[in-house]
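Asks: With chain Y held as given, fit chain Z onto it using these hints.
2 protein chains.
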Amino acid sequence: MLDELAQQLPAEVLITNPDTMEAYRRDRANDPNAGMPQVVVRATEVEHVQTAMKFAAKHNIPVVPRGAGSGLSGGSTAVDGCIVICVDKMKDIEIDPVTRTAVVQPGAINNEVKTAAAEHGLWYPPDPASFQFCSIGGNIATNAGGLCCVKYGVTTDYVLGLDVVLPDGRLVKLGGPRLKDVAGLSLTKLFVGSEGTLGIIVSITLRLIPAQRQPTTLVATFPTLEGTMNAVLEITRNMRPSMLEFMDDVCINAVEDQMKMGLDRSVKAMLVVQSDEPAQHATEEIQMVEEICNRNGASECYYTADPDEGEMFAAARRAAIPAVEMTGTILLEDVGVPIPRLGDLVVGIEEISKNRDVTVAVMAHAGDGNTHPLVVFDPTDKDQEERAHIAYGEIMDLAMRLGGTITGEHGVGKLKQPWLTNYLGDDVLDLNHRIKKAIDPQGIMNPGSCFVMG
Amino acid sequence: MLDELAQQLPAEVLITNPDTMEAYRRDRANDPNAGMPQVVVRATEVEHVQTAMKFAAKHNIPVVPRGAGSGLSGGSTAVDGCIVICVDKMKDIEIDPVTRTAVVQPGAINNEVKTAAAEHGLWYPPDPASFQFCSIGGNIATNAGGLCCVKYGVTTDYVLGLDVVLPDGRLVKLGGPRLKDVAGLSLTKLFVGSEGTLGIIVSITLRLIPAQRQPTTLVATFPTLEGTMNAVLEITRNMRPSMLEFMDDVCINAVEDQMKMGLDRSVKAMLVVQSDEPAQHATEEIQMVEEICNRNGASECYYTADPDEGEMFAAARRAAIPAVEMTGTILLEDVGVPIPRLGDLVVGIEEISKNRDVTVAVMAHAGDGNTHPLVVFDPTDKDQEERAHIAYGEIMDLAMRLGGTITGEHGVGKLKQPWLTNYLGDDVLDLNHRIKKAIDPQGIMNPGSCFVMG
Numbered sequence: 001m002l003d004e005l006a007q008q009l010p011a012e013v014l015i016t017n018p019d020t021m022e023a024y025r026r027d028r029a030n031d032p033n034a035g036m037p038q039v040v041v042r043a044t045e046v047e048h049v050q051t052a053m054k055f056a057a058k059h060n061i062p063v064v065p066r067g068a069g070s071g072l073s074g075g076s077t078a079v080d081g082c083i084v085i086c087v088d089k090m091k092d093i094e095i096d097p098v099t100r101t102a103v104v105q106p107g108a109i110n111n112e113v114k115t116a117a118a119e120h121g122l123w124y125p126p127d128p129a130s131f132q133f134c135s136i137g138g139n140i141a142t143n144a145g146g147l148c149c150v151k152y153g154v155t156t157d158y159v160l161g162l163d164v165v166l167p168d169g170r171l172v173k174l175g176g177p178r179l180k181d182v183a184g185l186s187l188t189k190l191f192v193g194s195e196g197t198l199g200i201i202v203s204i205t206l207r208l209i210p211a212q213r214q215p216t217t218l219v220a221t222f223p224t225l226e227g228t229m230n231a232v233l234e235i236t237r238n239m240r241p242s243m244l245e246f247m248d249d250v251c252i253n254a255v256e257d258q259m260k261m262g263l264d265r266s267v268k269a270m271l272v273v274q275s276d277e278p279a280q281h282a283t284e285e286i287q288m289v290e291e292i293c294n295r296n297g298a299s300e301c302y303y304t305a306d307p308d309e310g311e312m313f314a315a316a317r318r319a320a321i322p323a324v325e326m327t328g329t330i331l332l333e334d335v336g337v338p339i340p341r342l343g344d345l346v347v348g349i350e351e352i353s354k355n356r357d358v359t360v361a362v363m364a365h366a367g368d369g370n371t372h373p374l375v376v377f378d379p380t381d382k383d384q385e386e387r388a389h390i391a392y393g394e395i396m397d398l399a400m401r402l403g404g405t406i407t408g409e410h411g412v413g414k415l416k417q418p419w420l421t422n423y424l425g426d427d428v429l430d431l432n433h434r435i436k437k438a439i440d441p442q443g444i445m446n447p448g449s450c451f452v453m454g
Numbered sequence: 001m002l003d004e005l006a007q008q009l010p011a012e013v014l015i016t017n018p019d020t021m022e023a024y025r026r027d028r029a030n031d032p033n034a035g036m037p038q039v040v041v042r043a044t045e046v047e048h049v050q051t052a053m054k055f056a057a058k059h060n061i062p063v064v065p066r067g068a069g070s071g072l073s074g075g076s077t078a079v080d081g082c083i084v085i086c087v088d089k090m091k092d093i094e095i096d097p098v099t100r101t102a103v104v105q106p107g108a109i110n111n112e113v114k115t116a117a118a119e120h121g122l123w124y125p126p127d128p129a130s131f132q133f134c135s136i137g138g139n140i141a142t143n144a145g146g147l148c149c150v151k152y153g154v155t156t157d158y159v160l161g162l163d164v165v166l167p168d169g170r171l172v173k174l175g176g177p178r179l180k181d182v183a184g185l186s187l188t189k190l191f192v193g194s195e196g197t198l199g200i201i202v203s204i205t206l207r208l209i210p211a212q213r214q215p216t217t218l219v220a221t222f223p224t225l226e227g228t229m230n231a232v233l234e235i236t237r238n239m240r241p242s243m244l245e246f247m248d249d250v251c252i253n254a255v256e257d258q259m260k261m262g263l264d265r266s267v268k269a270m271l272v273v274q275s276d277e278p279a280q281h282a283t284e285e286i287q288m289v290e291e292i293c294n295r296n297g298a299s300e301c302y303y304t305a306d307p308d309e310g311e312m313f314a315a316a317r318r319a320a321i322p323a324v325e326m327t328g329t330i331l332l333e334d335v336g337v338p339i340p341r342l343g344d345l346v347v348g349i350e351e352i353s354k355n356r357d358v359t360v361a362v363m364a365h366a367g368d369g370n371t372h373p374l375v376v377f378d379p380t381d382k383d384q385e386e387r388a389h390i391a392y393g394e395i396m397d398l399a400m401r402l403g404g405t406i407t408g409e410h411g412v413g414k415l416k417q418p419w420l421t422n423y424l425g426d427d428v429l430d431l432n433h434r435i436k437k438a439i440d441p442q443g444i445m446n447p448g449s450c451f452v453m454g
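Note that the protein sequences, when read in sequence, are chains Y and Z. What the first sequence shows, in UniProt numbering, is residues 1 to 454, in sequence order. What the second sequence shows, in UniProt numbering, is residues 1 to 454, in sequence order.
No lab work stands behind these hints, which were simulated from the structure alone. Do not take every clue at face value.
[Said to hold, decoys possible] Chain Y is faced by these chain Z residues, among others (derived, beta-carbon under 7 Å):
(1) Gly184
(2) Pro210
(3) Arg434
All C-beta atoms, glycine included, are put in the ideal place defined by N, C-alpha and C.
Isolated chain Y, as found in the complex (with noise of 0.2 Å):
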């Protein structure tokens, strides 16, 4: 059968070899039962999305879409006798400064895609912490986050177009180049965030916002959690920071191995916090959040104008799940509750954490609710793993108590989707699936990824 298929394709993009393909099975969920594919498609034009497209549709075989895989949630994990289709080599990038848009191929890599922005003055803003590795199709398969979405928005926002390869092969053109468009339903917004159910992206029209200003960073370290998350609420109340992050105890040690930066390692609590308004207003605004943090007995506060000096702080953040890595494996958690539950979500994961005996580290976008506490385990302590998997479970369990979602920004993939019926109920679950069905009847789009279809 796969003959049918290089005789369609050129040699070069199809990769047949198990030991090549290994490399294809898993994203950074590391799911240990990945599946093996019949053969990966490293597309490197549009034509050869359609033809595998087309192919797997005629055979009925399973379609497992690709980027860089760096996704968290097992999205890319292939299953057995599938079809990846990688499109990690699709890496083109125009910027139109007119429009003020980006018209991108899905492999570009999202850091990529603000350098470009940036050689005209303009910004690409969405920020996931991994931009430097991530792909901007997975992001969009995922709708995916960052550290500037409380001030900026989430990757929706900025997606006015995709071109899309449905699950027949045909291509699609949704959206464009224009700020306001609302003839016929917003398809573009449906696949954003759609996680490869429903067909594979080849192309982004994306919206630039002129470029950010230098932010200004300040970091607080406090003695108590509640005062961390007092601190938190009063700002988000009175500003609207460009940052507004979190780390506890767990992280800040974790980073202060790695990075010997000076942390205080006795803290219980750290906030990065930026304002990106012009200079005398984001010192204002900042020296507003120092008193905040003050008020609320932060034990140290210190800010900077110097764009460099903010940006370590910033990369101390983005370091925490590397960091926290070394410790031992870990689960990555995404879980997000209404700002003011914040404080009952963080305060409920450290009794899970006390209860099955695992540590649990926790960072968060904290202006806009969305955690990543991180379960530690040692894989070859079995009765741990089981209690890390029990206190990961538990914690979406807590979220959902708690007003909030399972996922944040990282996606269901396969890892969340047995939550996934319980967060939703089963009516909204229905209108997922009656959707599913209507563009991807066969079923073959990443079949267990995000929901299973019964």
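Replies: Quick look at chain Z alone, frame taken from chain Y:
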């Protein structure tokens, strides 16, 4: 059959008197072919909407959802024998200043939401020119735009969650007060802009942002269209104004006839530009705009930091549609193009106006390429009326040739439905139909509006 409905709903929510129903047959599109409903359900509770929908589904009766009736594309035009479900009495507004969200019922007027938010120092940005009499539910249904969208985005960018009554009467809750939530397909965003074809929105969770600063306003007049358009491009290339509005000479004269503001009747076009950056920066930006306008041949530039005086110019722009309406019957267009093609669009419209010998007044949200050409005709002159309708279609064809859309912010409704196929193409229309059938298999929701099912 209506007896059955009367048993299930309080008498005061049911309107069956033809004279009273007359007020529920049309929106501002004033469709002369509007049908006659068999009943109007003026719901005051979510349960009323559910009951009416279940009744309609059981008996396969078409349902036309209605808010304030201010729609401009006939999305609320009744069809014969339908049930009009009107939500204009459902007006609750709750502001949560801590999560910076509002939970509002669909009948609340846009300005009532703005006012309620302002009481907490917060702001709901989307500002259709009709903000004083359009309902928020209709804003969601059409993904409404407005004047501040050039900087602050459109309605969908502020919608975090929706409660929707589905065509079978079930109530689903989509999203919620969380800035980040990617669990499952982006259904919230799918319902935004769905023009009542997929269900009835009964509650909306809106994102709010800190109050807007008082803007600095510049008005510039130009002797040529070319100079005006070059100025627009140079402005959007260099800054992000919070308003960038265009009026041509026909609009200027119509507004001056009504408002006697002392506008220069001899100029070809006028721009109204605002910056809402912090004070000193707003002045710097507006001075840059002034330089740009002068460099592009402006005949006069005037700017003011006085908010009342600035609002007067914004009000003049918002008054343009009613002012032009005083000069004859109008066909209101809503075409949008990528900004660099705006000049071609305006020049092309001028040609169509000459060729068809009808007056076309052009105003535009210039900063986002969205224009509102108003084709004016004398309804007693049948030949002119016919030429006006031809011009109306030609303007849409022109916009499509320029890479634009047939509707930027008003919606397709019944008025533009004939052009949708041509705009979307067969494949994208097919996707629309598939989703429509998946969610409304009986096809009872707002039939004939937006798209016509086969």
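Asks: Indicate, hint by hint, whether the structure satisfies it.
Replies: Cross-check of the supplied hints:
no.: 1; hint: Gly184; in the structure: holds (5 Å)
no.: 2; hint: Pro210; in the structure: holds (5 Å)
no.: 3; hint: Arg434; in the structure: holds (4 Å)
Checked against the numbered hints given earlier, the structure satisfies every one of them.
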